[in-house]
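Place chain B on chain A using the hints.
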Amino acid sequence: SSHEHKLNFRKSKEACLSYIQDALLQKQWKRAAEFLTCYVESLEKDYSREHVGPSEIIWRIGTEILWHHSQSSMKEFNCFMEQMKTLGVKRYLKVCLEHVFHLLCNGQIDEAYQNLSLAESWRFGEQTAIQDKEMKLVEAYRGLLDYYSWSKQKNILLEHSEDGFSDLAVEQEMHSYFRKAAVSLKEIIKIPGVWDVFVKCYVDLLEFYGDHNEARQVLNEYAYNSKFPANPNAHVYLYQFLKRQGESKKSLISALKILHDIVPSHELMIDFNTMLQKSKKRKKRRLGLEVIFAALDYAGWKEDAKAWSCLARQVKQIVISEKHLDWITQEWNSRKDWWPAFHFSRYLAKRNWQENKSLSYEKALVAGILLGKDCKYFKYVSHQGCKAQLKRFRMLKKFVNRHNSVYLRIS
Amino acid sequence: RDFNERCAQCSEVNWGLTDGGRFYCRSCHNVTERTREVVNTDFITNSRVQTISKGSRNQEKNDGGCEWYVCEGFQLVLKKQAEALEALGVCPQMKDEILCNFWRCYLQKSKQAYCKRPAGETIKALSVCESSTDVDSDPDRPSLLHLLSLSESEGDLQTDCSFASSVSKVSESTSVYSGSVDGSLYLMKNQKEKLRMTMPMTLSFCYMALLWLREPITLSELLRFVVEGHIPYLNVFQHFPEKMKLCGLDLRIFCVESWPVYEEVFNKMHELAAFLDLPRFPDITDSCFLHPDMLCMKYLMEANLPDELHNWTCRVVRKIGIGEVDFLTLMPGNKSTRKVKYDVLAAGIIVVVLKLLFLLDDHYEWLLSEFAEERNKNSTEGGPYFEFKKWYEVVKQSLDVEQKKLDEERAKYLWRCEKPLFYSVKNKSKVLKRRQMVVNLQSQFGKLSGSVRRAEKPNPSSFQLSWSEENTDGSCFHGHSLKGVLQEKCGLLTAMNPDYWLCTVKLCNERLCGHLAHYREVEFPQSYHFVLGLFSFLLRIQPSYIHDEVCMIEHKLFNKKLCKKLKYNTVLRK
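Protein chains in written order, with our numbering: chain A, 1 to 411; chain B, 1001 to 1574.
The shape of chain A in the complex, shown without the other chains (with noise of 0.2 Å):
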C-alpha cells in the first residue's frame, strides 16, 4: 500500500511476491525474473513457521519462469531443479518428479529415466520412509518408461517379423522391459488410486502375454474396489477389455451399468442403450430406454443423430408394440417440463433442417409421438421434408398421424 511507510523485511518480500504473481499472471517472464531475483535472499530467512517457505515459493515460481521464458534453455532449467534438489530434503523427490515430467514433456525420455533410476535410489535416513508415497511414484512412472522402451521394441520386433528376420536380442530385451516395467506397475496399482495409464499399461503387457486371467483380476481390482475412487474410466477400461475377450454381451452389460450410473453422459451409453434394447430381458430394456433418455439430458448429445435414432428405434418400437407406454410416460414425466424447449424449439427446428437432415428426421419422429403432431418441432421439420419430397419424411409424417392420440395419453 502507498501509505505504508513502515518497511520492513517481511513485508517488503510479501510485497515483492505479490509483484511476481501479478507478472507471471500476465505472462510477463522477465518482469517475473526481475522481481524472483529479488525475492530469493528470503532463503537467508526462517520461516519454519510459515505453511509454504520461500524455497517452495522460489521452487514453484522458478519453474515456471524457467519454462516459458523464451531464453532460457533446457540446460539452465536443469541446472534450476539440481539447485531446488538440494535445497529442501523434504521435497526431494517430488521435485524429482515434477523435473521428470518437464523432461518428457520436452520429449527427453532418456534423461527423464536416468532422473528417475536416481530418485529410486535415493536414501535419506527417516525422510525415506516419510516420502514412501512419492518414492512410489517414482517407481511407477520408471516402470511406466519401462513399458515405453517394451513397446517400442515390441515394435521392432514385429516390423522384423513381418520381413521374417528373428532378432532374439531384441526380444530379449523386450522382454526384460517387461519384467521391470510389470514389477512396478503392478505395485503401484495396488494403492488405491486414480492410476488410469498405468493400469492400461500393465494391462497392455498381460494381455500380450496372454496372462488374461490377471488382467481381468486388475480390471476388477480397479474398478470395484470400494477402496479406490470412484473412476468411470475403470469401468471402461473393464468393458474394452471384456469385449476384446468376446465376452457375453450378460457380462458386458454389467459392466457398463455402473458407469451409467456415474458418467450418465458417457459416449458409450449409445452402445450401452444398444445391447440393452435388443435383449430379450424386459428390464434390461427398460433399462435401454431409461439410459437413453439421460444420455440425451446432456448438451453434448443434442445434435448426435446417433443417439436420436436410438431413442427414436425404441420409441417407435413400443409406439407399435402398444406395450409398456408407461415406459415412456415414466421417463418423459421428468422431462415435459423442459425438454421441449431444450430441444423441440422452433429455432432448433430450423437450424437442425439446415444442416443435419438426419438429425431432424429422428428428432422429428421423438417430437411428434412425444408432443404430437401440432408441435413445433414436428410440423416444421415434416413440412419442409414434404416439401422436399423425401420419402421418409413423408412416411414419418404418417406414422405420426397415425399414433397421434399417443403424447395424450403419455403426458
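Among the clues, some could well be false.
Said to hold, decoys possible - No farther apart than 25 Å at their CA atoms in a straight line, the calculated lysine-lysine pairs in the DSS-like style are these:
1. A:LYS30 / B:LYS1405
2. A:LYS45 / B:LYS1430
3. B:LYS1433 / A:LYS45
4. A:LYS357 / A:LYS306
5. A:LYS45 / B:LYS1428
Stated by the list, open to error - Derived CB-CB ranges, DEER-like:
6. A:ILE191 / B:TYR1423: 40 to 46 Å
7. B:LYS1335 / A:LYS90: 53 to 59 Å
8. B:LEU1432 / A:GLN71: 28 to 34 Å
Just so you know, these hints were derived from the structure itself, not from any lab.
C-beta atoms are modelled at their ideal positions from N, C-alpha and C, and glycine is treated no differently.
Using the frame of chain A, we list chain B on its own:
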C-alpha cells in the same frame, strides 16, 4: 613510540604499553611510572580511530578475532554515518566535534566508558593485568576506551583492569553467546535506566547533531537518505574490521531488518537530549533552513504550488506564533512544550493555507478552478490564474508515477549483504551454503530479467519532484497568480472563500492516545486526502502525522473563536 629512554633495569629501548597506559619494557617487563600523554586535541577530534581492544586481554581467539565491546561497534557506525553526511555536504564540524562529543557524553552518562568503574562489571584480581606474558603486538594503537578512561581516573592499575575482568565472566557462559564481549550483558541491561543504544538511535544521534548545527537537512530527509542508501544503516556492520567478529547476540543488536520510523527516531532523540543534560540548542531563527518560512518555501516549490502562497504561509506562521525562536528551539528536558517536527509542521501549514484559500470540501475548489479556467481562456494578461483542477491533474500524474516507482523499489529492496551472519559457528556452513545458493539464483534469474539492474544508487537530491518554468506545456505552477481566489477588502488581500472546516473540534490528549486527532480517510474530503497524500509521499510519513499538525495549527489559529464558541461557518467533522 616516542619514548626513547633506556630501561632502568635492562637498558634496552624496547617499550610496550600496558592496559593502564604505562610503558613497560618488553625485554624485562619492567613497568615504569611514565604514562603516555593521552589528552591531546588531535587525538580526540580524530577520535574515529579504530578501537580494537588490545593488551593483556585474552587475544588468542582461534578465528583471528579480537575482543570488542558493543559500544565500540556503535562508535564505528556513527563514524561511518558522519562521514557519509560529510560527503553529502554537512560541515565537518559535525563529525569532528559535535557528534563525537555527544557520543562521549553518552558513554559517560551511561557508564560504558569514561568513568571509574563501568556498571555491571566486577573487578577481578590483579593477576589478569600482571600476567603480561601476552605482549602487545601493536602498542601504537591502544584501546581508545582505555586511554580515555585514563583521563578520568588516576591511572590506577586496578581500575583499569576492570575492563578486562568482564571478559572471562561473559565469554565463559555458552548460553549467552556473542562475538562482542558484552553483547549478552547489553541485551540484558535494564533499558529504562540507561537509554540503551540501538541502531535507530544512531540516527537520533545524527539528527541531534544536525539540529545542533542547524544544518539544512530535515529528519524526513535524513531518513529518506538512509533508505536510499546514502547513509549507512542497513548492513553497516560489514564495514567493521575483520577482527571484530559479529555473531550470536550481536546480530540482534546490529542487524536491522526494518527501516527506522520517523516517530521512533524523533522521540528517541528528545529522550537522548534530556538524558545527556544538554543545554538549550542553538536558536532557530527565521534565517534558518528549519524555520517554517524557509521550509514552506521549499515544500511549496516541490508541490508545484504558486510562490504567492508563501505570503500566506508566513502570515499564518506569524499569526499563531510558531515562527518564534522560543517555540522552535529545542529545550531538552522541557516536557511542557510540544516537540517541533519542523518538516511536518511546514507541511501542515501549507495544508491549512490551502484550506483557507480553497476550502477543499470537494466542491468549492473546483468551482474556483472553473472561474480561473474561464478567465485564463479569455485573457492571459498578467500571467495565468492558478487553476486547482489543472494543478491537481499534473501533480497527481507525477505523484502516481513516483509512488509506483517507490512501491516497486520497496518490493525489490535487497536486505542482505555479502558479509554472512551466523548465530553460532555451528550453523556457519549452512549459512554460507545458503548464501551461495542465493547468489547463484540471483545470477541466474538476473540474466533473465531483461533490463540491467542499475548498480549505482541515484544521486541524493533534496527535491523529489521538480517542476521547470521552462516547460511550455504549462505544467509548472510556481508563477501562477492567486488573483482568482483572492479579493481586496479594506486594502487587505483576503481569501474569497468565507468558510473553513475544522478537522476536529476537540484535540485528543497526545500522551494518552499518541495522536492529537485520528485520521480516517473516508471521513474527509478527497481533496484534503489528496493533499495529505502528497506531503505524505514527500516526507515519507503516514498522512495521520500531517493531519495531527494540521489540527494543532487550526486550533491555534481559531483559538479565540473556538473558545467563544461562535457560530462560524464551520462544517464540523470529527
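To see whether the hints hold, each was checked on the structure:
1. Distance hint between LYS30 (chain A) and LYS1405 (chain B) is fulfilled; the C-alpha atoms sit about 17 Å from each other, no more than 25 Å.
2. A distance of roughly 12 Å separates the Cα atoms of LYS45 (chain A) and LYS1430 (chain B); the hinted pair therefore holds under the 25 Å criterion.
3. Proximity of LYS1433 (chain B) to LYS45 (chain A) is assessed by CA-CA distance (about 13 Å); at most 25 Å being required, the pair is judged to hold.
4. Only pairs whose Cα atoms come within 25 Å are accepted, and LYS357 (chain A) paired with LYS306 (chain A) is accepted, the gap being roughly 12 Å.
5. In summary, the hint linking LYS45 (chain A) to LYS1428 (chain B) is supported, as the alpha carbons are separated by about 14 Å, within the 25 Å threshold.
6. The given range of 40 to 46 Å is respected by ILE191 (chain A) and TYR1423 (chain B), whose C-beta atoms sit roughly 43 Å from each other.
7. Between LYS1335 (chain B) and LYS90 (chain A) the CB atoms are about 56 Å apart, so this pair conforms to the stated range of 53 to 59 Å.
8. Separated by about 30 Å at the C-beta atoms, LEU1432 (chain B) and GLN71 (chain A) satisfy the suggested range of 28 to 34 Å.
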